Amino acid sequence: MQVAPPVVAVERSCADLVRAIADGRPGAERELITRFAGHGRRLLIRTLGPGPDVDDLLQEVFFRVFQRLHKIEPPDALPGYVTTVTLLVSREALKKRRRARWLSFLGGDELASLTEHRGAEAVPEDVRAFYGALGKVSAQAQLLITLRYVEGLRLEEIAVALELSLSTVKRHLARAEADLAALLGDDDVAVAPWLRGALR
Amino acid sequence: MSLPRPSLEQIGGRVAAAGDRALDATPGPDVDVVLAGVARLRGRARRRRAALAGAAVTALAVTLGLASWRMRGDAQPGVVAATQPAVGPRHAEREPLPLDFADGTRVVLAPGATTDVREVRSHGAQVALVRGTIDVHVVHTDATRWDVLAGDFDVTVTGTRFDATWDPERGELTVAMKEGTVRVSGPCVREELSAPSHKTFSCAPAATVPVATPTSAPTSATSPSSPSGLPAPRGAGASPASPPRAVGHDADKPALVVKAAVPAEGVQAGESDGARASRTDAPKGASTLDRADSARLAGDSRGARALYAQARAERPGTADAVKAAFLLGRLAEDAGDVGGAARWYDVVCHEATTGPLAQDALGRMIELEQRQGHTATARALAERYLVAHPKGPHSSYARSVLDASR
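Those protein sequence lines, which keep their order, are chains U and V. Under the working numbering, the first residue of the first sequence carries the number 1, and numbering increases by one thereafter. Under the working numbering, the first residue of the second sequence carries the number 1, and numbering increases by one thereafter.
These are computed hints drawn from the structure, not numbers from a lab. Being a predicted model, the structure only gives us computed values, none of them experimental. Any given hint might turn out to be false.
Where chain V lies over chain U, by a calculated footprint (3+ residues, C-beta under 8 Å) [stated by the list, open to error]: (1) 23-32; (2) 39-47; (3) 52-60; (4) 147-157.
Don't be surprised by glycine CBs; every beta carbon is placed ideally from N, CA and C.
Isolated chain U, as found in the complex (with noise of 0.2 Å):
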């Protein structure tokens, strides 16, 4: 009797993933989920502070990289391309929540969802009162905070991912550190105590 030759369970390579999931391959998307679900989250999370729309996010954002699969050359760059999509839907929440006057995380409406969110009692007081103050400031500025002092990426990592070039990482980057500080300088605007006496 002849048998099959042996299945070994290995993780496919990312360029095998674009393309079983170009080929259509069951189940192919859901790995893909899988395997960059909680990074995504964690990005979304970092950028934008915890909240009741990172899920609805996430999902936006794997609708967009299935969406452009096809353009990421090569099919080894995912990793880089998931973070790009990640970011880019995070600077779109981030306006979003401007243009809705959502100037801070402690704001009214989305404090009160936020409370609804699960895990909500899992947010501390200071990461709030951090994206509220970052949120005074315009979505690339907060992008760029985050990026650099929250998620610890380099200067050419940033540019990387979003896809800028270093000399306007650099320039965007001190115009955001200047305007935060001016902002946190400023007695009048209200921020949480122990955040304005750490940043002067």
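Assemble the complex: chain U is given as a structure, and chain V must be docked to it using the hints.
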């Protein structure tokens, strides 16, 4: 004003650490929810594109489509052409049922066979063989890619002719090659078959669990029930978590069974004992869950229910079985079967006392019991919820249920 950079870095580190603690304390992303969201967004995008296309383009497409259909001369009943909605289940009663596709490929269902055309792509399609025998003749082009799914098996076709027979009760796939080569893959097999050959594959344990008969309770995928109206708790008699009978060998380990094989030239060499041992590490039932998810996301509730029930039968007492029960509850809820949904959620609560699914199921049970007017039950569940998950997502609702009944 310049900002003291070290201070900002310190703050960033502090925020990152606190954020990570918050992340650790919250449930991770649910892949099913993300997949469902992606499917919803795709549907929305499609509708948006369709709206933008406008009436003129639509009319042109319809005209061209009709012309193409007529030119093909395949207008007899049961024939699927590119101009007709090709996706969906098909069943051949007493006569063979041909399915013709725009690329010239033909799939003929033998009497009694059931297929589900799940996806039609530009260079192929995905056809699930639910039961019975189909005669497949795929027309080859450089980009051709067809998949015939049968249970956990996937027969990949690029241009060939073969018969495939799927027996879901026995978990057996038989492939009879007439022309060309196909690749058969599944939980315990990955093999190329070339014509002429005839081979039967089975990755199921010897004691194959009947499809859509998960366990004694719930007895049906659509309406779980027990004498008390709720499934028996774990350990109380034959529960949904009862393991299947093990006959002949370890029922937890899939074994490749090749029956009535007529080895052909294209059949690959055998495997070693070590290879067989490594293969048994592959999770069993995961593919069934995947297929159930696909069916659910594609809107095939009936197929999804059967597959979730099958997944529970394949992997009783596991996290997959709990997840399948939860999604059966969701399907019942979506179908307006409030009682059925509540009973499936109760199964989840009995089989998994902790974790996000148990938490969510308990919260949903409160809502469903309340909706059915079972105030006392809803109140008892609300109390149970607040004890187990005082800060859970349904805690506000649970408190409101208790407050309302005071």
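Here's how the hints hold up against the structure:
1. With 7 residues bearing a CB less than 8 Å from a CB of chain V, the segment 23-32 of chain U meets the requirement of three and the coverage assertion stands.
2. Residue count for the segment 39-47 of chain U with a Cβ under 8 Å from a Cβ of chain V: 5. That meets the three needed, and the coverage hint holds.
3. Residues of the segment 52-60 of chain U lying with their CB closer than 8 Å to a CB of chain V number 5, which satisfies the three-residue condition for coverage.
4. As drawn, the segment 147-157 of chain U meets chain V at 5 residues by the rule of a beta-carbon pair under 8 Å; at three or more, the given contact holds.
Every hint, counting from the list given before, is met by this structure.
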